[in-house]
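Participant: Starting from the known structure of chain F, fit chain H onto it as the hints suggest.
From first to last, the protein sequence lines are chains F and H. Per our numbering, the first sequence starts with residue 1, numbered consecutively. Per our numbering, the second sequence starts with residue 1, numbered consecutively.
Keep in mind the hints are simulated off the structure, nothing from the lab. Among these hints, one or two may not hold up.
Claimed, not checked - DSBU-like cross-link-like pairs, simulated, lysine-lysine; straight-line CA separation at most 30 Å:
#  : chain 1 : residue 1 : chain 2 : residue 2
1  : F       : Lys105    : H       : Lys46
2  : F       : Lys119    : H       : Lys64
3  : F       : Lys68     : F       : Lys83
4  : H       : Lys324    : H       : Lys346
5  : H       : Lys134    : F       : Lys119
6  : F       : Lys144    : F       : Lys156
7  : H       : Lys47     : F       : Lys119
8  : H       : Lys324    : F       : Lys120
9  : F       : Lys120    : F       : Lys162
10 : H       : Lys46     : F       : Lys97
11 : F       : Lys135    : F       : Lys119
12 : H       : Lys47     : F       : Lys83
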Amino acid sequence: MVCNICGKNQATVHLTEIIDEQITELHLCEECAQKKGAQMESHFGLSDLLAGLADLGTQFNKTKTDIKLKCPKCGLTYEDFKKVGRLGCGECYTTFKEALVPLLKRIHGSTQHCGKSPKKIARIVKARNELEVLKEKLQKSIQKEDFEEAAKLRDKIREIEKKSNK
Amino acid sequence: MTLDDLLNNTGEWIRCTGPVSDIVMSSRVRLARNLANYPFAHWASKKEQEAILAAAKESTLSVKKLKNSMFVEIGKLDPIDKQFLVERHLMSKEHMIDAENKGLCVGQDEIISIMINEEDHLRIQVMKSGFNLKEAWQIIDDMDTELGNLLDFAYSVDFGYLTACPTNAGTGMRASVMLHLPSLVMTKQIGKVLQAITKLGLTARGLYGEGTEASGNFFQISNQVSLGHKEEDIIDNIERIIKQIVDHEQSARETLLLQNREALEDRIWRAYGTLKSAHIITSTETIDLLSLVRLGVDLGVIKQSDRALINELFVITQPAHLQKMERKKLGPNQRDVKRAEIIREKLG
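Next up, chain F with everything else stripped away, as it sits in the complex:
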């Protein structure tokens, strides 16, 4: 078979390209394949790259149990993630946290979100922070033996907890 591009040399590389749902087959010689290779680099998807990255340099211990680690919610394994470069569900971020933290650090240079949050969550976070502050105050007032203040704080804490449990 001769090369589809130059029409001269023997075709030794066989390529299948899918563009806009149309499949084209190309039979190329070594030289033309190399030229074509340069054009193909742009088609090399992000997920391939990410899958490679997920495999490299993470401090994730590659013992058998870790590789078999499976998300309890969606059933995705870390091997699956490495193959497709995509996670299975939100819970995967908790399941594979140990491996994802170094990966996120590599991609974003950070592992802590500091932007927008959904209003619902913002309310929960705010309540949680408020509770922590009150509990701290309660401890201090107990230490100081200011029991009147402590009782007030205790009631406030109970009230907030009751609300957030609703």
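Facilitator: Quick look at chain H alone, frame taken from chain F:
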């Protein structure tokens, strides 16, 4: 609103009403969001995808800004219609493949569009004319807040909005601008510019996003990092860098006019002449020539045409647009003839 209504109108960004629209074609912000109770789209079963589509459809259509919007199920469209929506930048190429249970919502003036069951359950996009990322952010921020009250989004206090691909986690935001940089290409400075921006945490792509080549001197520039910075800061950073690129392009244009006026005007007028008289023309040639004519309009060399018309020609001379206008399937040769006909007609 139907697909045919889109064909007979132009989106807001095409009309070139925004700031700096001689160099910046459009500004776009997109947010990736997922419903907390379902697996991500690629990992979900057909049944789950169906449920995601139904829930997302109901919520999107109840958003204030999306009253009177168009909703289509991609799986029910024929290939030309799908391609048509990609050509209008309303959805990604990826959204055309395995289209079952995928949806698209398009708002008035094509400013807002929401893809459902693409890589993430919701991909919300706002596109504005010219250099206008701040306004695009404001619109999308409001809409996202409204949607967040209706739907439970997957979110963690550490990693922010959780996305199928960890490259989008955190804000889930990608902000981008489409730049027309013919002078930086002609003066061979573009390589350096593109190299510099990658060092500043930005990335450049072609006309249709990821994996597409730059053509017609158009470059889409966007942020790479989505986690660890506030949305406003990410946008601020891009704006600052884009401003510098715009300045570079402007001074390159001035230099070209000063040092090489005749040669530049010759190229521009030849491009205009070819477009006005060709009877067969490919889409690649069209994009390259229109880019030169646009530069001619920007520089005041060509006064017989305006930017909005050139923008419209970029859009309507694409394959699916030609076939929609003709209401039938056209082969590549037939399209080249039809394309030339439309351009001659529009340029008068």
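Participant: All hints are to be evaluated individually against the structure, with a verdict given for each.
Facilitator: Okay, the hints, checked on the actual structure:
Taken as a hint, the F:Lys105 and H:Lys46 pair is broken in the structure, with Cα atoms around 34 Å apart against an allowance of 30 Å. Distance check on the hinted pair: F:Lys119 and H:Lys64 sit about 18 Å apart at the alpha-carbon level, within 30 Å; holds. Of the pairs offered as hints, the one joining F:Lys68 and F:Lys83 holds, with about 14 Å between alpha carbons and a cut-off of 30 Å not exceeded. About 17 Å separates the Cα atoms of H:Lys324 and H:Lys346, which keeps this hinted pair within 30 Å; it holds.
At roughly 21 Å between alpha-carbon atoms, H:Lys134 and F:Lys119 fall within 30 Å of each other, so this suggested pair holds. For the suggested pair F:Lys144 and F:Lys156, the alpha carbons sit about 19 Å apart, so the restraint of at most 30 Å is met. With a C-alpha separation of about 29 Å, the suggested pairing of H:Lys47 with F:Lys119 holds against the 30 Å cut-off. This hinted pair does not check out: H:Lys324 and F:Lys120 have alpha carbons roughly 44 Å apart, beyond 30 Å.
Distance check on the hinted pair: F:Lys120 and F:Lys162 sit about 17 Å apart at the alpha-carbon level, within 30 Å; holds. The suggested pairing of H:Lys46 with F:Lys97 holds, with an alpha-carbon distance near 28 Å, which does not exceed 30 Å. Restraint check: the Cα-Cα separation between F:Lys135 and F:Lys119 comes to about 24 Å, which is no more than 30 Å; the hinted pair holds. The hinted pair formed by H:Lys47 and F:Lys83 meets the criterion: a straight-line CA distance of about 24 Å does not exceed 30 Å.
Going through the hint list in order, the structure does not satisfy hints 1 and 8.
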